[in-house]
Amino acid sequence: MKPFVLITGASSGIGLDSARLLIEQGYRVIGTVRREEDGERARAILGAAFLPLRLDVSDSAGLPQAVRQVEQWVGTEGLAALVNNAGIASPSGPLLLQPLEEIRGMFEVNLFGLLAVTQAFLPLLGARHGSARPGRVINIGSVSGRVATPLTGCYAATKHALEAVSDALRVELGIYGIAVVIIEPGPIRTPIWSKAQPDTRYLDSDYAGAMQALFGLLAHNGAKGAPVATVSRVVLKAIEAPRPKPRYPLNPMWYLAALLPTRLLDRLLAKRMALPRRPAR
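Numbering (the UniProt record's numbering), first residue to last: 1 to 281.
Hints are computed from structural coordinates only; laboratory data are not their basis.
Keep in mind it's a predicted model, so treat the numbers as computed, not measured.
Check before you lean on any hint, since a few could be wrong.
[What the hints assert, rightly or not] What follows is a set of in silico ranges between Cβ atoms, one per label pair, in the way DEER data are often shown: (1) 36 x 278: 48 to 54 Å; (2) 255 x 277: 20 to 26 Å; (3) 241 x 204: 49 to 55 Å.
[Said to hold, decoys possible] The calculated SDA-like cross-link candidates involving lysine to any residue, where the alpha carbons are at most 20 Å apart (straight line), are: (4) 245 x 174; (5) 271 x 215; (6) 245 x 172; (7) 271 x 258; (8) 245 x 168; (9) 2 x 76; (10) 2 x 23; (11) 271 x 219; (12) 245 x 230; (13) 2 x 51; (14) 271 x 253; (15) 224 x 149; (16) 2 x 24; (17) 245 x 170; (18) 224 x 12; (19) 237 x 21; (20) 237 x 20; (21) 2 x 240; (22) 237 x 248; (23) 2 x 241; (24) 224 x 187; (25) 2 x 49.
Each residue gets a CB set at the ideal place from its N, CA and C atoms; glycine is no exception.
Could you build all of it, start to finish, from the sequences and the hints given here?
Next comes the structure, spelled out in structure tokens:
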């Protein structure tokens with residue numbers, strides 16, 4: 001048997017498929033789930049090599065018990081990798097109107113929860129003196145970490161912040177030999193799109209037309225996104241490559257945004273989201 005890998009948000013989508021692929025390759029996977037029934041369902045799909053771990057990444061009070069449970073499972077072997085996959089993409093809306101408590105809530109899951117989990121499990125990845133086999137931290141980011149689409153600015157902000165955290169950790173954890181990788185997919189066909197419906201309260205605002213456009217974009221992403229295996233294969237590569245890349249962009253928009261002038265990109269995004277452009281003074 002190959003080593004243990006911990007995946008957050010393993011009950012569906014990228015997390016579940018990554019667990020499937022890793023188990024097929026001989027790994028033992030510990031996957032976080034928020035509900036007991038989700039863990040039972042995932043274990044029925046994946047078999048005995050999958051160990052469900054009840055944990056909400058935004059619940060810092062539950063972390064110490066989760067760490068103790070993982071320590072019992074892995075013993076002195078530790079973890080080969082931590083795959084930070086858990087995250088949310090909803091609610092959406094214009095930043096002008098979106099309540100700050102919603103924005104804080106998304107940061108609690110997508111950034112602060114991720115960082116808390118990483119801090120808690122880094123000792124099991126080799127972040128301590130005398131560790132013989134350092135593991136890897138793999139963060140599931142997004143093309144939104146490079147391009148902020150209007151009306152999903154809150155989500156993009158969490159993914160932009162994840163880029164900065166990943167860059168800093170990559171250098172800081174170099175003293176232990178721990179590699180830090182960020183994977184940046186575009187739209188993937190996962191259940192996250194059915195959970196990320198725009199809030200209808202904005203339909204009577206000046207952003208009504210843009211919100212309708214966002215409804216259509218979310219539906220398109222849910223139906224036409226890339227297969228989830230697109231990400232799972234890169235997760236495996238990031239774990240097994242002798243020298244993994246710092247980042248793996250998986251969508252052409254990531255490269256396009258790096259090349260286009262900012263104002264041209266702004267105009268293209270505004271047109272895509274049916275946002276009228278009034279000349280600035």
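> Hey, residue 237 versus residue 20, does the alpha-carbon distance stay inside 20 Å?
Replying inline: Answer holds: residue 237 to residue 20 is near 14 Å, not above 20 Å.
> Is the straight-line distance between the alpha-carbon of residue 245 and that of residue 230 20 Å or less?
Replying inline: holds (16 Å)
> Going straight from one Cα to the other, do residue 2 and residue 51 come out at no more than 20 Å?
Replying inline: holds (14 Å)
>> Tell me if the straight-line CA distance from residue 245 to residue 170 falls inside 20 Å.
In response: Satisfied, since the Cα-Cα distance of roughly 11 Å is no more than 20 Å.
> For the pair supplied as a hint, residue 245 and residue 172, is the alpha-carbon distance within the 20 Å limit?
Replying inline: holds (16 Å)
> Do the alpha carbons of residue 237 and residue 21 lie within 20 Å of each other, as the hint requires?
Replying inline: holds (11 Å)
>> For a C-alpha distance cap of 20 Å, please report whether residue 224 and residue 12 respect it.
In response: Judged against 20 Å, a Cα distance of about 18 Å means the pair holds.
>> Against the 20 Å threshold, does the CA-CA distance of residue 2 and residue 76 hold or violate the hint?
In response: Given that 20 Å is the threshold and the Cα spacing comes to 14 Å, the pair holds.
> Could one say that the CB atoms of residue 255 and residue 277 fall in the range 20 to 26 Å?
Replying inline: Given a distance of about 25 Å, which is inside 20 to 26 Å, the answer is holds.
> Taken at face value, is the distance from the CA of residue 149 to the CA of residue 224 at most 20 Å?
Replying inline: Cα-Cα ~18 Å, so holds.
> Given the hinted pair residue 2 and residue 24, is their alpha-carbon gap at most 20 Å?
Replying inline: holds (11 Å)
> Has the given pair, residue 245 with residue 168, been kept, meaning a C-alpha gap of at most 20 Å?
Replying inline: holds (15 Å)
Consistency with the previously given hints is maintained throughout, with no hint failing.
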